[in-house]
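Asker: In the order they appear, the protein sequences are chains A and B. Numbering of the first sequence is given in the working numbering, commencing with residue 1 and proceeding in unit increments. Numbering of the second sequence is given in the working numbering, commencing with residue 1 and proceeding in unit increments.
It should be emphasised that the hints constitute simulated quantities derived from the structure, not laboratory data. There's no promise every hint is true.
Some chain A residues near chain B, calculated using beta-carbon distances under 10 angstroms [unchecked claim]:
no., residue
1, 28
2, 29
3, 34
4, 85
5, 91
6, 92
7, 97
8, 102
9, 162
10, 163
Cβ pair distances, simulated, as ranges [to be verified]:
no., chain 1, residue 1, chain 2, residue 2, range
11, B, 45, A, 195, 43 to 49 angstroms
12, B, 306, A, 81, 58 to 64 angstroms
13, A, 78, B, 317, 40 to 46 angstroms
14, B, 75, A, 30, 21 to 27 angstroms
15, A, 81, B, 208, 26 to 32 angstroms
16, B, 67, A, 133, 31 to 37 angstroms
17, B, 121, A, 193, 25 to 31 angstroms
18, A, 162, B, 317, 36 to 42 angstroms
19, B, 108, A, 105, 35 to 41 angstroms
20, B, 135, A, 78, 32 to 38 angstroms
Ideal Cβ positions, reconstructed from N, Cα and C, are used throughout, including at glycine.
These are the residues of each chain, in order.
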Amino acid sequence: MGCSSSLPDRSSGRLSGLNADGAGATDAKNLRVKLVLLGDSGVGKSCIVLRFVRGQFDPTSKVTVGASFLSQTIALQDSTTVKFEIWDTAGQERYAALAPLYYRGAAVAVVVYDITSPESFTKAQYWVKELQKHGSPDIVMALVGNKADLHENREVPVQDGIDYAEKNGMFFIETSAKTADNINQLFEEIAKRLPRPTTS
Amino acid sequence: MDSGSTQSLTFYDFLDRMRNPTSLDLVRSIKSFIVSFSFYVANPENDGKRVQEFLLTMESAIRDHPLWAGASEEEIDCAVEGLEKYVMTKLFSRTFASSPEDTKIDRDISEKIHLLQNFLRPEHLDIPLVLQNEASWLLAEKELQKINAFKAPREKLLCILNCCRVINNLLLNTSMTENRVLAGADDFLPVLIYANPPQLHSNLKFIQLYRRQAKLVSEVAYYFTNLVSAKSFIADLDSKSLSIDEIEFQESMQAARLASKETQIEPPPSPALDEIAALAGQMDPVPSTRMHDNITGGSNYPFMEADAGELTVGDVERLLSLYKDVVTKYASLCRAVKHLSISKTESPVPVLKENKAELKMPEGRSKNVDHSRGE
Ligand SMILES: Nc1nc2c(ncn2[C@@H]2O[C@H](COP(=O)(O)OP(=O)(O)O)[C@@H](O)[C@H]2O)c(=O)[nH]1
Ligand SMILES: [Mg+2]
């Protein structure tokens, strides 16, 4: 379905057919979650997603899917699954005003900055404020300091990230799409923080 | 989404089942739902809600119906797809671009695009040179322009997805041949902004309101949102949206305005053209089927005003593709006109193939009640 066959999505047609409520939960055990990526161009959003979905860093090697929408399902310990539908947004400044179209209805927002770029950290804070104002009130937000492998060029102290995230009730993590460090943890932690549909 | 051809088969399967005597109750509900629209003034949001609710209600009616006893999820799904197509084709003239505000937005956006086309270049959106592939962009635009040849929300949506597929292929090919990092939405959106059909706003609104909500999710919703976003970008576009000097932007817009005043030969968009094109093509937006583009002002045929001396070698490719396009359209038109004059003698109903797709009426009420609201 759609523009590019997005792995791994074996039963997409059926699933959405059943999923008439559109609220994101296919059933109590299998969540479907819209996740939107925000952050400056170049901070590593595409690489994080490709690393998570395809297990690879080099985005030029044999990618067979579109890089702007990807989905990936993870299994949690309590034998539930979460299918992340990841919406990339254009990071260029001229498209900033369009972001609300993308994060509307998102259950998760991942705001990414580059630990070697203070400007990207400032931009991340702009997105957080924007989401607080216009995002859905129960949105789960994660703040991600990427390119942690470049610690010798670090310009944003870890503590700054921690403090800002704590003040704003966000989950915080530093990642490296290059070394795969903390990439899966990022998504697992998000999955744990998702509000669960109440079951009897 | 399935390919167009299987879907068109399932549409006829749906109509077949509706001809089965046991489905009389369903047919009656469908008919009376469609007729009920003639009792109220058009109101897009409200009409949208009513259609969505009706489709949900009918979905469970179909699920419990003896005719679908033991049917798989796919079969039920196909039936509801068929239903959506049937209902929305019937309600099209009432629900598509029906409010003056929407028509105005369409016109404003078209005018703006028309002006921008005089001077906007990919560099203004900082689209990297490797992605400036005229042939692919033209193809993407072609796919999207087919949107006006269809009345069913699902088929309109399919045109959007086909267009996005072309752009995605371009991005993927480029990333492989040029060894360029895939930049995701950063690359995708600007290219999409270049492809825009007439009545973009109304098409998007129509899909948003009338495509089954359960189907406007996930990847489909993502690409749909990208087009909404492209539209909104164009609608709000000013010099600050572009890599262009403020003064240069104003001057270019002014020059374009003057130029378009001089050559204003805008024939009103004729609905008959839509019908003809749809007849000429297939019922479904299969990518290879050529459809019409709306034949509005000169922007689609940029060489109309040109002198031979102004042309460059670089224009040859564009000229050739326009030439082929025009010939294809002309051929389709001839075929369609022929077809039309044949079918005219058979049936006074000028709507697509619906004379064939008519549902059987219970209790011999008059046919085509829904057309009684003067079209
Ligand atoms: N060293 C390092 N480079 C990275 C990392 N993630 C991304 N990059 C590089 O940063 C650049 C931009 O990455 P990209 O994913 O396209 O950023 P986006 O614009 O946010 O999508 C690319 O050249 C990547 O190779 C990382 O974790 N470590
Ligand atoms: Mg990117």
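Asker: Decide, hint by hint, whether the structure agrees.
Answerer: We went through each hint and held it up to the structure:
1. 28: violated (18 angstroms)
2. 29: violated (18 angstroms)
3. 34: holds (8 angstroms)
4. 85: Since the shortest Cβ distance to chain B is 5 angstroms, the answer is holds.
5. 91: Constraint on residue 91/A satisfied, holds at 6 angstroms.
6. 92: Since the shortest Cβ distance to chain B is 6 angstroms, the answer is holds.
7. 97: With Cβ-Cβ at 7 angstroms, under 10 angstroms, it holds.
8. 102: holds (6 angstroms)
9. 162: violated (28 angstroms)
10. 163: Since the shortest Cβ distance to chain B is 30 angstroms, the answer is violated.
11. 45/B <-> 195/A: 43 to 49 angstroms: Since the Cβ atoms of residue 45/B and residue 195/A sit about 29 angstroms apart, the hinted range of 43 to 49 angstroms is violated.
12. 306/B <-> 81/A: 58 to 64 angstroms: 59 angstroms Cβ-Cβ, so the 58 to 64 angstroms window holds.
13. 78/A <-> 317/B: 40 to 46 angstroms: Since residue 78/A and residue 317/B have Cβ atoms about 59 angstroms apart, the given range 40 to 46 angstroms is violated.
14. 75/B <-> 30/A: 21 to 27 angstroms: Distance hint for residue 75/B, residue 30/A holds at roughly 23 angstroms.
15. 81/A <-> 208/B: 26 to 32 angstroms: Since the Cβ atoms of residue 81/A and residue 208/B sit about 29 angstroms apart, the hinted range of 26 to 32 angstroms holds.
16. 67/B <-> 133/A: 31 to 37 angstroms: violated (51 angstroms)
17. 121/B <-> 193/A: 25 to 31 angstroms: Given about 45 angstroms between the Cβ atoms, the range is violated.
18. 162/A <-> 317/B: 36 to 42 angstroms: At 56 angstroms between Cβs, range violated.
19. 108/B <-> 105/A: 35 to 41 angstroms: violated (27 angstroms)
20. 135/B <-> 78/A: 32 to 38 angstroms: violated (51 angstroms)
Violated hints for the displayed structure, listed by number in ascending order: 1, 2, 9, 10, 11, 13, 16, 17, 18, 19, 20.
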